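*Asks:* Generate coordinates for the entire structure from the input sequences, incorporating the hints supplied.
Taken in order, these protein sequences are the chains called A and B.
Just so we're aligned: 176 in the numbering used here is position 176 of the first sequence, and the numbers increase by one with no gaps anywhere.
Just so we're aligned: 143 in the numbering used here is position 143 of the second sequence, and the numbers increase by one with no gaps anywhere.
Please keep in mind that the hints were generated in silico from the structure rather than gathered at the bench.
Predicted, not measured: the structure shown is a model, and the values here were computed from it.
For glycine and all other residues, C-beta sits at the position ideal for the given N, C-alpha and C.
Please note: incorrect hints may appear among the correct ones.
To be verified - If you want a taste of the chain A side facing chain B, the calculated C-beta under 10 angstroms gives, among others:
1. Ser62
2. Ser94
3. Asp100
4. Pro101
5. Ala197
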Amino acid sequence: MTPHSIAPALRAVDLVKSYPGGRGKPPVAALDGLGFEVERGTVFGLLGPNGAGKSTTVKILSTLTRADRGTAVVAGIDVAADPVGVRRRIGLVSQRPSSDPIATGRENLVLAARIQGLSKADAGDRSDWLLDRFGLAEAADRLVRTWSGGMSRKLDVAIGLVHRPEVLFLDEPTTGLDPEARAELWAEIARLAGDDAMTVLLTTHYLDEADRLAHRLAIVDHGRVAVEGTPEALKSELHGDTVVVEVATPADAIAATEALAGVPGVSEVVADGTTLRARADLGARAVPAVFAALDARGIEVVSATVARPSLDDVYLRHVGRSFEPALSQAEVA
Amino acid sequence: MTVALAHSAYLTRRSVTALVRQPIFLVLTLIQPMVWLLLFGELFKSVVDIPGFAVDGTYLEFLAPGVVAMTALFSAAWAGTVYIDDMQRGVMDRLLASPVSRAAMMNGTLAYQSITSVVQTMIVLGVAWLMGARFAWGGVFVTVVAAVLLTVIFAALSNAVALLVRQQEALIGISQFTALPLTFLSSAVMALALAPAWIADIARFNPLDWAVVVSRETLLGTPDWSAVWPRLGALLVTACLMAWLATRAFGAYQKAA
Numbered sequence: 001m002t003p004h005s006i007a008p009a010l011r012a013v014d015l016v017k018s019y020p021g022g023r024g025k026p027p028v029a030a031l032d033g034l035g036f037e038v039e040r041g042t043v044f045g046l047l048g049p050n051g052a053g054k055s056t057t058v059k060i061l062s063t064l065t066r067a068d069r070g071t072a073v074v075a076g077i078d079v080a081a082d083p084v085g086v087r088r089r090i091g092l093v094s095q096r097p098s099s100d101p102i103a104t105g106r107e108n109l110v111l112a113a114r115i116q117g118l119s120k121a122d123a124g125d126r127s128d129w130l131l132d133r134f135g136l137a138e139a140a141d142r143l144v145r146t147w148s149g150g151m152s153r154k155l156d157v158a159i160g161l162v163h164r165p166e167v168l169f170l171d172e173p174t175t176g177l178d179p180e181a182r183a184e185l186w187a188e189i190a191r192l193a194g195d196d197a198m199t200v201l202l203t204t205h206y207l208d209e210a211d212r213l214a215h216r217l218a219i220v221d222h223g224r225v226a227v228e229g230t231p232e233a234l235k236s237e238l239h240g241d242t243v244v245v246e247v248a249t250p251a252d253a254i255a256a257t258e259a260l261a262g263v264p265g266v267s268e269v270v271a272d273g274t275t276l277r278a279r280a281d282l283g284a285r286a287v288p289a290v291f292a293a294l295d296a297r298g299i300e301v302v303s304a305t306v307a308r309p310s311l312d313d314v315y316l317r318h319v320g321r322s323f324e325p326a327l328s329q330a331e332v333a
Numbered sequence: 001m002t003v004a005l006a007h008s009a010y011l012t013r014r015s016v017t018a019l020v021r022q023p024i025f026l027v028l029t030l031i032q033p034m035v036w037l038l039l040f041g042e043l044f045k046s047v048v049d050i051p052g053f054a055v056d057g058t059y060l061e062f063l064a065p066g067v068v069a070m071t072a073l074f075s076a077a078w079a080g081t082v083y084i085d086d087m088q089r090g091v092m093d094r095l096l097a098s099p100v101s102r103a104a105m106m107n108g109t110l111a112y113q114s115i116t117s118v119v120q121t122m123i124v125l126g127v128a129w130l131m132g133a134r135f136a137w138g139g140v141f142v143t144v145v146a147a148v149l150l151t152v153i154f155a156a157l158s159n160a161v162a163l164l165v166r167q168q169e170a171l172i173g174i175s176q177f178t179a180l181p182l183t184f185l186s187s188a189v190m191a192l193a194l195a196p197a198w199i200a201d202i203a204r205f206n207p208l209d210w211a212v213v214v215s216r217e218t219l220l221g222t223p224d225w226s227a228v229w230p231r232l233g234a235l236l237v238t239a240c241l242m243a244w245l246a247t248r249a250f251g252a253y254q255k256a257a
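*Replies:* This is the structure we're talking about:
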């Protein structure tokens with residue numbers, strides 16, 4: 001094996017980036033020592049709420065902005081030393097639609113291909129192939145502004161792939177899509193990653209998306225990697241099942257953590273608002289004991305569920321709060 | 001170099017195709033010039049009779065080069081709105097992360113604006129001709145050149161402002177605030193011989209006035225070349241300088257990205 005083939009497709013080391021706070025406010029730290037490595041030919045997921053630093057990481061790796069400190073290497077090239085070299089090897093599908101609405105789908109693809117240096121004939125062939133592959137052939141010669149959101153998003157991904165990049169950045173590819181369009185795009189991305197030994201960096205705030213697509217993922221929080229691993233490894237670190245119990249009030253939830261501490265086979269009890277989460281070796285068997293313990297303290301149970309560990313549990317364990325509330329907080333902020 | 005030229009050409013064609021599909025935008029940029037030419041021109045028809053106006057020909061013939069320059073200026077001032085549309089979509093980021101050079105991105109829009117300006121200039125002069133104005137052919141050619149250079153200056157400025165402010169409202173505000181004052185600080189609608197001295201002094205540094213003087217002198221067929229060449233040269237130098245500075249504004253945009 002040559003050193004070249006061993007080298008990771010993406011390497012970020014201690015990335016630090018802050019933005020001006022504006023009008024006398026202190027700078028806002030977007031990245032605070034973020035780092036990870038991505039093996040060639042794999043899909044790597046960056047998972048985290050809005051504002052965690054995912055998009056800033058993509059902007060640095062795709063040469064759109066520079067880190068204040070740290071190193072970023074893409075396809076073996078340092079982004080700060082040779083941004084033009086990096087640009088030849090990457091495809092970027094940004095969060096927002098990146099096609100021209102006043103052009104047809106085919107025109108968008110051909111223009112993107114020509115810009116990337118394909119000959120006129122190759123650009124046409126490659127565009128036809130991608131249109132076909134993404135199921136867009138019928139709409140190919142209509143203006144993109146008449147397309148549905150799902151079709152337009154597929155076109156964005158096709159545009160990112162037009163020059164067979166070594167590394168593809170997918171920044172929240174399915175945000176705003178309906179479940180059907182999302183499932184279709186997922187299937188397409190999963191297939192792509194298999195072909196061409198392409199490396200994909202996927203950012204998402206959908207846990208199921210990361211679980212479905214990423215070979216490895218990093219949970220990003222406050223500009224740092226909180227934990228990294230394969231989805232399976234991260235979930236299996238959490239032994240047993242998750243027992244989730246809803247109680248009536250937050251005060252009840254706190255009292256309940258004490259009550260459950262003594263129940264055999266139940267561990268890691270965490271209260272989050274009126275929700276209690278606990279790990280149990282065998283969830284279904286633990287439930288009667290949990291009910292009994294709560295009943296003994298006069299705490300009313302609103303609902304209870306038992307589930308296999310999910311990425312949300314991984315998230316809760318490493319970031320210290322549940323994923324969905326974290327998301328809504330970030331959106332309010 | 002040839003790659004950069006090819007990239008500029010692809011991007012220019014993208015814009016021209018969009019304009020051909022939505023010609024209404026070109027029509028809209030011609031409404032204001034028609035008001036100046038057809039209404040203002042008629043209303044102020046007799047100003048040429050004021051002693052000291054000192055221009056051969058009719059007021060329409062005097063006004064037409066002014067309207068050509070104003071059209072170029074007002075149209076170019078909007079150029080940056082395309083960049084802001086591209087920023088609000090992911091098009092700008094996609095291009096910046098591709099092998100397209102910043103110079104090619106700038107030149108693509110400037111070439112597109114220049115093509116638009118040629119069409120606008122021919123239409124304005126054509127309408128003036130239909131209304132009875134008569135121009136020297138050589139002058140028509142020089143007028144097109146001057147209008148293109150003026151377009152490049154202000155389209156580059158508009159693009160630079162777009163990259164710095166990144167907001168449609170702010171860009172339009174700044175354009176509105178500059179375009180009309182520049183028009184009235186020039187000989188576009190009035191002979192400077194009859195204007196206050198301070199306006200004539202400022203006009204000497206106003207690219208709009210350079211374009212108006214160059215066009216008017218050559219359109220009337222008896223040009224004073226000592227007035228034409230320095231202004232044409234100044235337009236060319238300023239156009240190159242502005243295009244270069246505007247390309248540098250991509251750096252500021254990416255720093256804030």
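*Asks:* Does the structure break any of the earlier hints, and which numbers would those be?
*Replies:* 5
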